[in-house]
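A.B. asks: Its first residue numbered 1, the sequence shown is counted upward by one per residue in full-length UniProt numbering.
Derived from the structure by calculation, the hints contain no laboratory data. There could be a bad hint or two in this list.
As a list, the in silico EDC-like pairs of lysine to aspartate or glutamate whose alpha-carbon atoms are at most 20 Å apart [to be verified]:
#1 Lys45 x Asp147
#2 Lys108 x Asp235
#3 Lys51 x Asp147
#4 Lys205 x Asp235
#5 Lys197 x Asp289
#6 Lys46 x Glu144
#7 Lys197 x Glu144
#8 Lys46 x Glu181
#9 Lys248 x Asp235
#10 Lys51 x Glu143
#11 Lys206 x Asp235
#12 Lys354 x Asp215
#13 Lys354 x Asp289
#14 Lys418 x Glu498
#15 Lys197 x Asp351
#16 Lys205 x Asp215
#17 Lys197 x Asp235
#18 Lys51 x Asp196
#19 Lys45 x Glu144
Cβ-Cβ distance ranges computed for the label pairs, FRET-style [to be verified]:
#20 Lys46 x Leu185: 23 to 31 Å
#21 Lys205 x Gly148: 19 to 27 Å
#22 Ala142 x Thr24: 36 to 44 Å
#23 Phe443 x Ile202: 51 to 59 Å
#24 Leu347 x Asn49: 43 to 51 Å
#25 Leu66 x His257: 43 to 51 Å
#26 Ile437 x Val52: 41 to 49 Å
#27 Ser245 x Ile492: 52 to 60 Å
#28 Pro421 x Pro79: 31 to 39 Å
#29 Gly148 x Leu28: 27 to 35 Å
#30 His406 x Leu89: 38 to 46 Å
#31 Phe93 x Arg48: 41 to 49 Å
Every residue, glycine too, gets a C-beta built ideally from N, C-alpha and C.
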Amino acid sequence: MTTTMTADMTLVHAATTAASQPSTLLWLIPFLPLFGFLINGLSGKKLRNTKVVDFIALGSVGAAFLLTLYHFIQLVGLPADGRSIHQSLWTWFDVGGARVLGGLSTYKIEWAYKFDALSGAMALLVTGAGFLIHLFSTGYMAEERNDGRYYRFMAYLNLFVFSMLNLVLGANIMMMFLGWEGVGLCSYLLIGFYFDKEYAAIAGKKAFVTNRIGDFGFMIGFFLIFMVFGSLDYDTLMGSVREISSLKSITLFGITHAPTWWFNLIGCCLFVGAAGKSAQIPLYVWLPDAMAGPTPVSALIHAATMVTSGLYMITRLNFIYVQAPVALAVVLFVGALTAFVAASMGLAQYDIKKVLAYSTVSQLGFMFMGLGAGAFTAGMFHVFTHAAFKACLFLGSGSVIMACHHEQDMRNMGGLRKYMPWTFLSMGLATLAIAGIFPFSGFFSKDEILWKVFEGWYHHGAYDGPTLNLVAWILGMLGAFMTAFYMTRLMIMTFYGEYRGAGHDPYHLTVPSEAHHAADDHGHGHGQDDARLPRQSRSCHCRGPWTQRPRPRADGSALEHVAARVHLCGVRGDPGLPEPAPEPAHPRQGVRQRPLLQVARAAPLPGDGARPRPPCAALHRICADVLGDPHLGPGRHPAGGLDLRHGPQLVQGQGLRHPLPQGLRVGERQILRGRVLRVGHHRAPQALLRPALELRHLGGGRHGEWRRPRHPPLGRTHALGG
1 MTTTMTADMT
11 LVHAATTAAS
21 QPSTLLWLIP
31 FLPLFGFLIN
41 GLSGKKLRNT
51 KVVDFIALGS
61 VGAAFLLTLY
71 HFIQLVGLPA
81 DGRSIHQSLW
91 TWFDVGGARV
101 LGGLSTYKIE
111 WAYKFDALSG
121 AMALLVTGAG
131 FLIHLFSTGY
141 MAEERNDGRY
151 YRFMAYLNLF
161 VFSMLNLVLG
171 ANIMMMFLGW
181 EGVGLCSYLL
191 IGFYFDKEYA
201 AIAGKKAFVT
211 NRIGDFGFMI
221 GFFLIFMVFG
231 SLDYDTLMGS
241 VREISSLKSI
251 TLFGITHAPT
261 WWFNLIGCCL
271 FVGAAGKSAQ
281 IPLYVWLPDA
291 MAGPTPVSAL
301 IHAATMVTSG
311 LYMITRLNFI
321 YVQAPVALAV
331 VLFVGALTAF
341 VAASMGLAQY
351 DIKKVLAYST
361 VSQLGFMFMG
371 LGAGAFTAGM
381 FHVFTHAAFK
391 ACLFLGSGSV
401 IMACHHEQDM
411 RNMGGLRKYM
421 PWTFLSMGLA
431 TLAIAGIFPF
441 SGFFSKDEIL
451 WKVFEGWYHH
461 GAYDGPTLNL
471 VAWILGMLGA
481 FMTAFYMTRL
491 MIMTFYGEYR
501 GAGHDPYHLT
511 VPSEAHHAAD
521 DHGHGHGQDD
531 ARLPRQSRSC
541 HCRGPWTQRP
551 RPRADGSALE
561 HVAARVHLCG
571 VRGDPGLPEP
581 APEPAHPRQG
591 VRQRPLLQVA
601 RAAPLPGDGA
611 RPRPPCAALH
621 RICADVLGDP
631 HLGPGRHPAG
641 GLDLRHGPQL
651 VQGQGLRHPL
661 PQGLRVGERQ
671 ILRGRVLRVG
681 HHRAPQALLR
691 PALELRHLGG
701 GRHGEWRRPR
711 HPPLGRTHAL
721 GG
């Protein structure tokens, strides 16, 4: 490699003219979450009380937020030309004898932190939003407290916050790169947290590999920076750009070009890394699949940490990009294209988290549009506003998902507004913000970006100006329209209309005061958590919006009345219960299932009013005695079994080993997402009624109460139905 210069030049290895204010506590901001990670990660499994894990995880991030706020207040009090706080801890390593532009260079890379307006605002965002997400996680991950994975989850969250704080507070590019790789590692660990599920493990590996592609470009970029400038320190780089740009040509690796050419190459390489971390075309594919992780992880990644790292990097190195017009044009075009394409994808999603994921990709495109137009302040302004309303949307969606027993398909929701008023209000306000409705924050930040993009074309004249700005503005306007459309669609499908789910309790998390009312109203509580309800309330916890109606008892004719009018597949079979809507397709299936059975009404069963015998066998006996092989899915039953896609055959006595007797009254009822036959009298023919009576859910609930089974985990199928 040869290194020549066409003009004599002395590298500027000095900080900016204004001296930075030293600090002795700045290092604690990133290190407190690191301490939380080490304590919980090494000893969390030995702590029998998970409340201690909560205290360590929340306390470390909360203390980091308070320290950040203290330094930010201190920063505001400094003179305008010297608003910077720094602290150098130790020399990380020496770079001696490196051949760079201008000769050999001896450079020390310090483990140092820099707290200025940009890094301080980002640190406030990371610690503030991170603390709220940690707090939300203590309730959302409550089911994991007893299986030994909870401490690991909270430790990973602390490590994520440490990595992001190291990225934004680092005083040089090497410190940024350390945090850059740290958030990539944490995203892999948290997205694939449920590694026992195949789709979560695949999503984690997909995020890891995609980000490695982007990191390759980022590494080439900062290697070139060191070759050209001889330093990786931000203050030194800022002072060197003007001197480098005044040269006529630069020769590196035997290639001679003008300084602008090298700036463009550096900018494009760095943008490849930013596209990987911030999910821009074509490296956006990992972010929608990142929804496989727990919802708090989605909120942390989308709002406060990983996806903003690429934007922060470009803004921090803006002094390079202003000398690289081609790189800025690439950033502008890719951002506009991403904003449009991702918004169009969001129109066709039914998974509530997938809608928000594509919304994040689209909004990141808007931010890159602002940076590409040279409006770095407008782009970062949208980063902060987006973090606020996107965290609100993700946490609200997590509340909805938990209330619907981890159901994410919006086609199985609806009508939740009256059961979750506070969630509806918070998500509604956040929707108005992301849609850009005045006077919410999204209106000001998104409008500023679109105006700056349009201004780049308009001020040059309709014919002389850069056409790329006009194309980007049109794509941005279309993306903004589609954003308002699919977010309104999300709110309508989730909160308006009638509840289309299959017997969930959509409000037991958001209305804790209802638990007291529930204890008096036949014991079907709607409190924050089953574990917080009285024992008798937990034993008969009845799910679904219809639980406001009187519930049938097992000790009288009410149970007989309900059991004889069983509903399967969303068809009305009894006027005493509201009619569930037909169930849509499973999120992983491409076709809509037809109803299994049609209601057949006839004379009452003989001996109506007698109490049925207690159940004594498992559910699979129904499949073996009536429907054939219990291990076969719907539509694949062998000869002699029942093809569930042709439900009327059952009512007509076809497809059964024993036809239905004349005068038998059979209803149908949809039980959650799996189908369970319930027939209400033991004197009916043995082929149909004996297996039905062996259901554990027909009776035998604690205190004589009839219990509805809990909703099965998403992705598991029953022997009957999908």
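A.B. asks: For every hint, state whether the structure bears it out.
C.D. replies: Outcome of the hint check:
1. The hinted pair formed by lysine 45 and aspartate 147 meets the criterion: a straight-line CA distance of about 10 Å does not exceed 20 Å.
2. Of the pairs offered as hints, the one joining lysine 108 and aspartate 235 holds, with about 14 Å between alpha carbons and a cut-off of 20 Å not exceeded.
3. Restraint check for lysine 51 and aspartate 147: the C-alpha separation of about 15 Å stays at or below 20 Å, so the hint holds.
4. Between lysine 205 and aspartate 235, the direct Cα distance comes to roughly 37 Å. Violation of the 20 Å bound is thereby established for this hinted pair.
5. Restraint check: the Cα-Cα separation between lysine 197 and aspartate 289 comes to about 13 Å, which is no more than 20 Å; the hinted pair holds.
6. For the proposed pair lysine 46 and glutamate 144, the alpha carbon gap of about 15 Å is at most 20 Å, so the pair holds.
7. As the CA atoms of lysine 197 and glutamate 144 are separated by approximately 15 Å, the hinted pair is consistent with the 20 Å bound.
8. At roughly 29 Å between alpha-carbon atoms, lysine 46 and glutamate 181 are farther apart than 20 Å, so this suggested pair is violated.
9. Of the supplied pair hints, the one linking lysine 248 and aspartate 235 is violated, its CA atoms being roughly 24 Å apart against a limit of 20 Å.
10. Between the alpha carbons of lysine 51 and glutamate 143 the distance comes to roughly 14 Å, so the proposed pair stays at or under 20 Å and holds.
11. For the hint linking lysine 206 to aspartate 235, the alpha-carbon distance of about 36 Å lies beyond 20 Å, and the restraint is violated.
12. For the proposed pair lysine 354 and aspartate 215, the alpha carbon gap of about 25 Å is over 20 Å, so the pair is violated.
13. For the hint linking lysine 354 to aspartate 289, the alpha-carbon distance of about 8 Å falls within 20 Å, and the restraint holds.
14. Of the supplied pair hints, the one linking lysine 418 and glutamate 498 holds, its CA atoms being roughly 10 Å apart against a limit of 20 Å.
15. Of the supplied pair hints, the one linking lysine 197 and aspartate 351 holds, its CA atoms being roughly 18 Å apart against a limit of 20 Å.
16. With a C-alpha separation of about 15 Å, the suggested pairing of lysine 205 with aspartate 215 holds against the 20 Å cut-off.
17. The suggested pairing of lysine 197 with aspartate 235 is violated, with an alpha-carbon distance near 47 Å, which exceeds 20 Å.
18. Distance restraint check for lysine 51 and aspartate 196: the Cα-Cα separation of roughly 26 Å exceeds the 20 Å cut-off, and the hinted pair is therefore not satisfied.
19. Distance restraint check for lysine 45 and glutamate 144: the Cα-Cα separation of roughly 12 Å lies within the 20 Å cut-off, and the hinted pair is therefore satisfied.
20. For lysine 46 and leucine 185, the Cβ-Cβ distance of about 24 Å falls inside the hinted range of 23 to 31 Å, so the restraint holds.
21. Take lysine 205 and glycine 148: their Cβ atoms lie about 23 Å apart, and the range 19 to 27 Å holds.
22. Separated by about 39 Å at the C-beta atoms, alanine 142 and threonine 24 satisfy the suggested range of 36 to 44 Å.
23. Checked against the hint of 51 to 59 Å, the C-beta distance between phenylalanine 443 and isoleucine 202 comes to roughly 38 Å, which is inconsistent with it.
24. Leucine 347 and asparagine 49 have their C-beta atoms about 47 Å apart, which keeps the hinted 43 to 51 Å range intact.
25. Leucine 66 and histidine 257 have their C-beta atoms about 49 Å apart, which keeps the hinted 43 to 51 Å range intact.
26. Checked against the hint of 41 to 49 Å, the C-beta distance between isoleucine 437 and valine 52 comes to roughly 44 Å, which is consistent with it.
27. Between serine 245 and isoleucine 492 the C-beta distance comes to about 53 Å, which sits within the given range of 52 to 60 Å.
28. The hinted range of 31 to 39 Å is not satisfied by proline 421 and proline 79, whose Cβ atoms lie roughly 49 Å apart.
29. For the hinted restraint 27 to 35 Å between glycine 148 and leucine 28, the CB-CB distance of approximately 30 Å keeps it satisfied.
30. Between histidine 406 and leucine 89 the beta carbons are some 44 Å apart, a value that agrees with the proposed interval 38 to 46 Å.
31. Distance hint for phenylalanine 93 and arginine 48: a CB-CB separation of about 42 Å, consistent with the stated range 41 to 49 Å.
Hints 4, 8, 9, 11, 12, 17, 18, 23, 28 from the earlier list are contradicted by this structure; the remaining hints agree with it.
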